[in-house]
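Taking the hints as your guide, dock the two standalone chains into a single complex.
Protein sequences appear in the order of chains A and B. Position 225, counted from 1, in the first sequence is what this note's numbering calls 225; the numbers after and before it change by one each time, with no gaps. Converting from the second sequence to this note's numbering requires adding 1000 to each position, the first position being numbered 1.
For the record, the hints were derived by calculation from the structure and aren't laboratory data. Heads up, none of these hints are tricks.
Chain B regions said to be covered by chain A (calculated; three or more residues, Cβ under 8 Å):
hint, segment
1, 1197-1207
2, 1210-1218
The calculated SDA-like cross-link candidates involving lysine to any residue, where the alpha carbons are at most 20 Å apart (straight line), are:
hint, chain 1, residue 1, chain 2, residue 2
3, A, Lys-141, A, Leu-120
4, A, Lys-141, B, Ala-1286
5, A, Lys-141, A, Glu-153
6, A, Lys-141, A, Pro-128
7, A, Lys-141, B, Val-1287
8, A, Lys-141, A, Asp-186
The beta carbon of each residue, even a glycine, is placed where N, CA and C say it ideally should be.
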Amino acid sequence: MTPRGYTPSCELTGVTLAYGDVTAVADLSLRVAPGETVALVGPSGAGKTSLLRMLAGMLPASSGTVCLQGQPVDGLSRDLPRLVGMMQQRLELVGELAVKHNVQAGALGRWGVLRSLAALLLPLEYPPARAAAERVGLTDKFGVRVARLSGGEQQRVALARLLVQDPAVMLADEPVAALDPALAEDLVALLCALAREGDRTLVASLHTPELARAHFDRLVGLRAGQLTFDLPSDQVGAGDLAALYERASPAPAASSPSGDGLARNAPQGDDARR
Amino acid sequence: MTDQHTPSGEAARTGVGDAAVESANLVTARPRPGPRPLLALLLAAAVLASLLALDAPEGLLDRGGLRVAGDMLASALSPELSPAFLAVVAEATLLTLAYAVAGISVALLLGLPGAVLVSGTLAHRTLTRLPLVGGSRGVFATLRAPHELVWGVLFVQVVGFHPLAGILAIGLPYAAIIARVLGERLQDVPQGPLAALRSAGASPAQVLWYARVPAALPDMIGYVLYRFECAVRVSAVLSVIGLGGIGHQLELVLYDLRYEAMWPLLAALVLVIVAIDRLSARLRRAVGA
Chain A
1 MTPRGYTPSC ELTGVTLAYG DVTAVADLSL RVAPGETVAL VGPSGAGKTS
51 LLRMLAGMLP ASSGTVCLQG QPVDGLSRDL PRLVGMMQQR LELVGELAVK
101 HNVQAGALGR WGVLRSLAAL LLPLEYPPAR AAAERVGLTD KFGVRVARLS
151 GGEQQRVALA RLLVQDPAVM LADEPVAALD PALAEDLVAL LCALAREGDR
201 TLVASLHTPE LARAHFDRLV GLRAGQLTFD LPSDQVGAGD LAALYERASP
251 APAASSPSGD GLARNAPQGD DARR
Chain B
1001 MTDQHTPSGE AARTGVGDAA VESANLVTAR PRPGPRPLLA LLLAAAVLAS
1051 LLALDAPEGL LDRGGLRVAG DMLASALSPE LSPAFLAVVA EATLLTLAYA
1101 VAGISVALLL GLPGAVLVSG TLAHRTLTRL PLVGGSRGVF ATLRAPHELV
1151 WGVLFVQVVG FHPLAGILAI GLPYAAIIAR VLGERLQDVP QGPLAALRSA
1201 GASPAQVLWY ARVPAALPDM IGYVLYRFEC AVRVSAVLSV IGLGGIGHQL
1251 ELVLYDLRYE AMWPLLAALV LVIVAIDRLS ARLRRAVGA
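Chain B with its partners taken away, still in its complex shape (with noise of 0.2 Å):
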């Protein structure tokens, strides 16, 4: 903002017109030194201060804590691989992902016609776009506020200990945050095909399909796909609630102090999300990024 202001301020000290501004805004406005060491020393002093306010009685790491950390990673050279336990890492990861695929689902089902909406590409007069535009807007920010967790709850008040709970959970929030994100994936594409198509008669419609989506959908699948991984370490905690999967069987073995088991589990959930990663970059190359 400083870097905007002083041209201008000199400019219209020395009574240049307009483009002289313009140039002068372009010869000007390079980061300069400045209060930079300033603000990274602030930036520092606040970073030690949050860690002060931490109400921590024991200091930040314990003795005890260090100890505990220490046999779980000694455990992790022998870890728990009975055929027994692997069939029980399989369930859990599979129901996981069952609650993750299900609520993506539920979210790509709101989400998309959602994102449409509130890019309001659709809507060629300013008075119909205005009140769709804002009222979707302020509709699915309402949805996302609450954390998946925050609807967990709220849905196990409903309808009880019920997988609906877990993928509405999952599907309400994320299909806000889906609506939004790709929404403005959808204004953000270059204008220039836009227009071309509409002065050969395309409909708004028909540039959404044969501009908009073409462009943006690169850029939409690579985030659909990081909200799935998303879903899926959601869904992982979803025990937390009630809810089996990875997160379930972790508590459990936890709770015994089976370190040994809680690696399987662990890997298990990494693999899913490196196998999301790498669906993810095989369908974006697949459609043109």
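Bound-form chain A, shown alone (with noise of 0.2 Å):
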């Protein structure tokens, strides 16, 4: 699966994160392939947002380095959008402006100022913001403002804002947490299917482990800042995931795996909202 003497595309080595007494990542080491699809599976407060946000660059580590392409991420602060870029949870979309201009806002860090106050001012057309918006399926959205569209919309302009950001490592944290489950299957399918085709990297915290497994190369197991496996997706069984969540779901599991899903599914909303 990750072939030998590659230069990884994410690396974090003996990375702790720790804020004041809390400590939401234990000395965690995790290499990734360029290429790759990871999902990050886990109960909430395991640390996978923060090991998501270390990577992006957005939160320094307190020890221990995390390295994209084989540089230390603080050292990259001018070339960092290139190489990573970052689904957040919230969308962090702004939704005063019409889908066009926040799909290209994924390419402001190739943009002077000018040129991004033209095509925020002038009706000017950015191929690749059209590319990205026909790709996840906006087409006919391009010149609606953001606030105006559902949850599962919203979700996909922010996914063609990363397209066009085109950066190697895709992350994203949680890209499904506010879905009903069809379009939750659809939009890891697509998230996945994206990365592929451009060969980029993929890490994804995902609180559905069934979708991480039907869609990625490989999970990550986190819990209390620390990797509890790490195993090609289809290798993870059963009793992995049930000591993953064992917390979470005190009860043993008899149910079927869908309604396991959808059990798990309606304390983590609560979660992902304080």
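As structure tokens, then:
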């Protein structure tokens, strides 16, 4: 699965992240190969978001090193947007702007102030933005203000913005937390397809292990800031997952997989809003 | 303040940790029945005391004043509507509007760049931001301290009874007010989208245009048009410093005790204010309020 002798796309070595007395990530090491799709699974508070934010260079590690394509993230400020881009859990779109401008914003790192102003104020079209919107299925919403879109459509806008940014490593934090199961499946499939089409590395956190197993190459279980397992997705067993979610669902899971997923979704939605 | 003090005091006494203090705050930080009636009594007493302190020799309303008020109201039934006078009203209204438009234009020309300066959103280094923000805030605070009419008196001293005096009297202090208020609007936008754009490589100027301005725009438009409304009101009383307009005509007709002519002038003012209000609502809707 992971060939020897490559430069890892993402590499965390002995990374610890502490907020005051609370340790979010504890002495964690992880390597992700170029083009790999990795799902981080685990209960709320396991450190998934913290890990992704450190990979995105948005949060400095307390100790240890975080490298992207062999270079430490903290020395990459100018080049960072080309190496890594993140879809955040709350999307963080600009609701007042049209889909077109939100998607174009992915190119801001490559544009000067004048070009970005012209793209905002003049009726110009930036072909990559149109192409990205088409790819995620938002062709007919291109001119619509983002605040008017549904949650699932907004998710696609954030994805299209990431495509226009075109980073080597795509990160996604709970990309489907706010979607119903059918939409969630569609979006995860799209996310993985886009990563594979562009030979991009994808690291995403997910609350639903079933989705992760179905679409990602590799699953990494996180609990209390530490790795509990790191396996190709076809080798992840029910025991691994049960151990991972032990505290979250103390009763032995005897129900069907889909019912299980739904039962887990409900409390997690609460967590996401907190 | 007392609401915050009590629970942390309790927490300290019982020696529980930070999380417990937080939850204690959540539970007890609610309005409690307490010194509210006392506060209300104090306020009422303050109002009464200040009324008594006003030096009104014949009481707050004397008999003559009441009669004049009655005459004014009665004249509303037969307002002066001769074409000649309505032409005067129209001209005065246009003049008042012209001062307001010119004044608010000057205010926007100086105030919008001022708002960006005051917000400190373009300077990313603390070392440059602090003096820039502090300095511009100081300048604008000084400019808006004197009332528009005080500025008017000063400018009449400098340029004489020239329209420029009226325009600057509105434009300068309003530029300062607009800079401060809109500067704060530009700061107080949701921070998440800003961080997302920054991590996609956007510079502070790009973040300003792509996230701060769009998020703040409906509020900014609403505030600028509210200020325009204020400018119309100020411009209507600029006659105090010898400039024409609705205020000047009002002065003339009241001097002659022609109360029936006062009503069309007031109606024109009301019409202008309502029109601005409608315009504001429409513009705000257009940009997504």
